[in-house]
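With the hints as extra help, turn the sequences into a complete structure.
Residue numbers (the working numbering), protein chains in the order written: chain L, 68 to 401; chain G, 68 to 401.
There's no promise every hint is true.
If several chains are the same, the list does not tell them apart, and a pair holds so long as it fits within one copy or across any two.
[Claimed, not checked] For lysine-lysine, the following DSS-like pairs were computed, each having C-alpha atoms within a straight-line distance of at most 30 angstroms:
no.: 1; residue 1: K326; residue 2: K292
no.: 2; residue 1: K292; residue 2: K248
no.: 3; residue 1: K172; residue 2: K126
no.: 4; residue 1: K172; residue 2: K384
no.: 5; residue 1: K172; residue 2: K101
no.: 6; residue 1: K292; residue 2: K399
no.: 7; residue 1: K232; residue 2: K384
no.: 8; residue 1: K399; residue 2: K172
no.: 9; residue 1: K292; residue 2: K304
no.: 10; residue 1: K399; residue 2: K326
no.: 11; residue 1: K292; residue 2: K220
no.: 12; residue 1: K172; residue 2: K76
Just so you know, the hints here were simulated from the structure itself, not pulled from any lab data. All of these numbers come straight from a predicted model, not from anything done at the bench.
What follows is the residue order along each chain.
There are 2 protein chains.
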Amino acid sequence: MNIYDISQKAGVSIATVSRVLNNNKNVSERTRQKVLTVMEEEGYQPNAFARGLTLNTMKTVGLLCADSSDPYLGSAINYLEQGLRIHSYDSLLCCTGYEHSQKEKCLDMLLSRHVDALVLIGSNFIERTTRKNEYLFRAASQVPLILLNGLLKGENIYNSLCDDKEALFSATTRILKSGSKIPIFLYRADSFSGIRKKEGFLEGLESERLACSGGQVVMCSGSVKETQSLLLDLHKKLPFDAVLTSDDELAIGAVKFAKAAGLTVPDDLSIVGYNNSMLAICCDPELTSIDNRLEYLCNTSVSLLMNLLDGKSAPDKTMVSADIIIRDTTRKNF
Amino acid sequence: MNIYDISQKAGVSIATVSRVLNNNKNVSERTRQKVLTVMEEEGYQPNAFARGLTLNTMKTVGLLCADSSDPYLGSAINYLEQGLRIHSYDSLLCCTGYEHSQKEKCLDMLLSRHVDALVLIGSNFIERTTRKNEYLFRAASQVPLILLNGLLKGENIYNSLCDDKEALFSATTRILKSGSKIPIFLYRADSFSGIRKKEGFLEGLESERLACSGGQVVMCSGSVKETQSLLLDLHKKLPFDAVLTSDDELAIGAVKFAKAAGLTVPDDLSIVGYNNSMLAICCDPELTSIDNRLEYLCNTSVSLLMNLLDGKSAPDKTMVSADIIIRDTTRKNF
Numbered sequence: 068m069n070i071y072d073i074s075q076k077a078g079v080s081i082a083t084v085s086r087v088l089n090n091n092k093n094v095s096e097r098t099r100q101k102v103l104t105v106m107e108e109e110g111y112q113p114n115a116f117a118r119g120l121t122l123n124t125m126k127t128v129g130l131l132c133a134d135s136s137d138p139y140l141g142s143a144i145n146y147l148e149q150g151l152r153i154h155s156y157d158s159l160l161c162c163t164g165y166e167h168s169q170k171e172k173c174l175d176m177l178l179s180r181h182v183d184a185l186v187l188i189g190s191n192f193i194e195r196t197t198r199k200n201e202y203l204f205r206a207a208s209q210v211p212l213i214l215l216n217g218l219l220k221g222e223n224i225y226n227s228l229c230d231d232k233e234a235l236f237s238a239t240t241r242i243l244k245s246g247s248k249i250p251i252f253l254y255r256a257d258s259f260s261g262i263r264k265k266e267g268f269l270e271g272l273e274s275e276r277l278a279c280s281g282g283q284v285v286m287c288s289g290s291v292k293e294t295q296s297l298l299l300d301l302h303k304k305l306p307f308d309a310v311l312t313s314d315d316e317l318a319i320g321a322v323k324f325a326k327a328a329g330l331t332v333p334d335d336l337s338i339v340g341y342n343n344s345m346l347a348i349c350c351d352p353e354l355t356s357i358d359n360r361l362e363y364l365c366n367t368s369v370s371l372l373m374n375l376l377d378g379k380s381a382p383d384k385t386m387v388s389a390d391i392i393i394r395d396t397t398r399k400n401f
Numbered sequence: 068m069n070i071y072d073i074s075q076k077a078g079v080s081i082a083t084v085s086r087v088l089n090n091n092k093n094v095s096e097r098t099r100q101k102v103l104t105v106m107e108e109e110g111y112q113p114n115a116f117a118r119g120l121t122l123n124t125m126k127t128v129g130l131l132c133a134d135s136s137d138p139y140l141g142s143a144i145n146y147l148e149q150g151l152r153i154h155s156y157d158s159l160l161c162c163t164g165y166e167h168s169q170k171e172k173c174l175d176m177l178l179s180r181h182v183d184a185l186v187l188i189g190s191n192f193i194e195r196t197t198r199k200n201e202y203l204f205r206a207a208s209q210v211p212l213i214l215l216n217g218l219l220k221g222e223n224i225y226n227s228l229c230d231d232k233e234a235l236f237s238a239t240t241r242i243l244k245s246g247s248k249i250p251i252f253l254y255r256a257d258s259f260s261g262i263r264k265k266e267g268f269l270e271g272l273e274s275e276r277l278a279c280s281g282g283q284v285v286m287c288s289g290s291v292k293e294t295q296s297l298l299l300d301l302h303k304k305l306p307f308d309a310v311l312t313s314d315d316e317l318a319i320g321a322v323k324f325a326k327a328a329g330l331t332v333p334d335d336l337s338i339v340g341y342n343n344s345m346l347a348i349c350c351d352p353e354l355t356s357i358d359n360r361l362e363y364l365c366n367t368s369v370s371l372l373m374n375l376l377d378g379k380s381a382p383d384k385t386m387v388s389a390d391i392i393i394r395d396t397t398r399k400n401f
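Written as structure tokens, this is what we have:
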């Protein structure tokens with residue numbers, strides 16, 4: 068069954084069938100319905116290649132993330148793929164890792180596949196120099212670029228993100244008000260969201276008129292075990308009594324540290340995770356964690372994309388406030 | 068820069084350029100090199116649509132899984148996508164959920180996109196009736212079908228899996244030998260691998276001349292919290308002293324149950340997880356867990372697929388033995 072057969076059955080020209088396929092307005096509603104009915108009766112599926120050539124769209128969105136085994140990124144992919152599929156868009160996935168050259172390569176590869184849009188998941192796609200971000204501006208000159216949890220200004224670039232800075236600010240002031248004297252902030256890297264979270268932490272200290280001694284912002288890119296031993300070392304020099312983190316895995320490292328150091332959580336040590344991932348309920352005690360509303364952000368991103376692909380306009384920035392899910396690693400008065 | 072420009076620069080016909088693009092052997096090595104050099108100099112990327120039309124391949128593999136937010140499935144996607152990309156194959160992803168109709172729909176969608184092969188991740192794609200598996204046989208009549216952690220016999224179907232039955236058999240006999248009297252097996256569903264694991268458990272009991280009282284095989288499809296309360300109820304009727312599970316999340320439910328019931332792990336209760344996922348090191352005590360060698364299976368699947376797509380033959384079944392990673396939820400003599 069091809070386009071010719073459809074035109075025969077429907078008693079219209081091939082050009083008309085093509086117009087229906089291409090959503091061209093130059094077809095009467097009655098004719099359009101007739102053609103669609105025949106297609107449905109015959110179970111006709113337009114050949115993807117032919118469709119691509121005529122429409123210049125493959126109805127495909129490129130999804131990029133560093134590593135889908137990260138529970139946060141894996142969840143985002145799940146929400147996005149399912150949301151896009153409802154709108155008949157397929158997802159071409161690239162797990163880029165964290166190297167800049169690979170990110171760039173993957174982006175080019177997806178563009179060469181004529182994706183209709185790109186969604187970059189995680190703020191690590193934004194580099195710290197404009198020159199290194201050229202690859203993003205170049206991509207955006209071809210298709211809409213959605214940054215999930217990133218913020219970059221530019222033509223055809225759309226940002227959906229959680230207000231990480233505000234979330235850390237709020238968690239920090241609450242930790243201090245609940246009695247903590249020396250909180251530290253533990254994070255992975257000076258990525259866009261890493262920096263925002265750090266700023267929120269520092270401003271939180273400031274608002275409570277607490278100066279940062281300098282050792283209170285700690286970078287740790289390692290595993291749970293490595294986080295644990297880093298904190299054991301640090302605690303000998305700086306007797307911190309609260310740990311705020313940029314992800315739940317780091318917070319679990321802090322829970323393990325507390326146990327190894329003989330500290331009671333939350334009485335001796337308060338801990339706040341980030342992402343409210345499934346890890347948060349795996350440890351003991353369970354983590355108080357900041358929920359950055361991933362599902363909501365993914366759904367919003369899909370809607371935004373559909374607007375753009377329908378030729379409508381969309382805001383270049385959608386920022387939502389986070390939620391704090393209180394469990395057992397913070398004090399009762401937190 | 069298009070195929071015509073390349074032919075002009077290289078001083079050959081368009082047909083020759085096309086032959087080089089299509090890997091047609093009817094081109095001298097010298098001419099081939101000349102064309103490739105021009106392409107490289109000009110940064111030429113063949114248009115994906117045109118390439119698809121001439122080669123009838125989009126160099127794309129369809130990946131299907133139920134839910135990429137599952138840490139096991141998310142990891143598999145990461146390994147597979149990166150492995151395929153090394154061989155210049157792109158990955159079209161579908162997160163199908165667990166409904167049969169959605170699985171079928173996704174499979175058809177990917178086929179309509181002319182994927183070169185399909186990889187189905189997780190044994191839940193295999194249904195229990197031949198009639199319901201028709202969708203898999205139908206797909207395999209079009210492209211190679213790889214089942215990662217499944218086993219289905221059929222033309223053009225290739226199975227890469229871990230010997231789950233042997234793994235549970237071994238873990239069960241070891242648990243009994245370490246002193247447990249009443250072990251139970253906790254699993255999600257009678258999927259292909261669920262059944263294999265259950266069989267391993269039951270044969271393990273039998274080999275130690277222990278009859279199964281019937282209440283020792285327990286299905287639980289819920290969350291960590293639901294698992295915990297299910298076990299609290301069960302323990303009142305059946306004072307089990309070991310829990311073997313079909314995944315780490317269930318095992319974490321068992322750890323939480325032990326705490327709520329005032330049982331010491333592993334002295335009062337031994338626990339064995341499955342998948343050796345990152346969850347295994349998040350709880351306290353950390354889980355002894357069966358490692359089903361996911362990375363190895365994914366790499367093997369990619370190699371197998373490349374063989375097939377190169378026209379070579381490949382075994383229809385690759386089964387590997389599991390490993391048991393011993394941590395703190397089993398006794399010293401386990």
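Broken hints, by number:
The structure conflicts with hints 8, 11, although it agrees with all the remaining ones.
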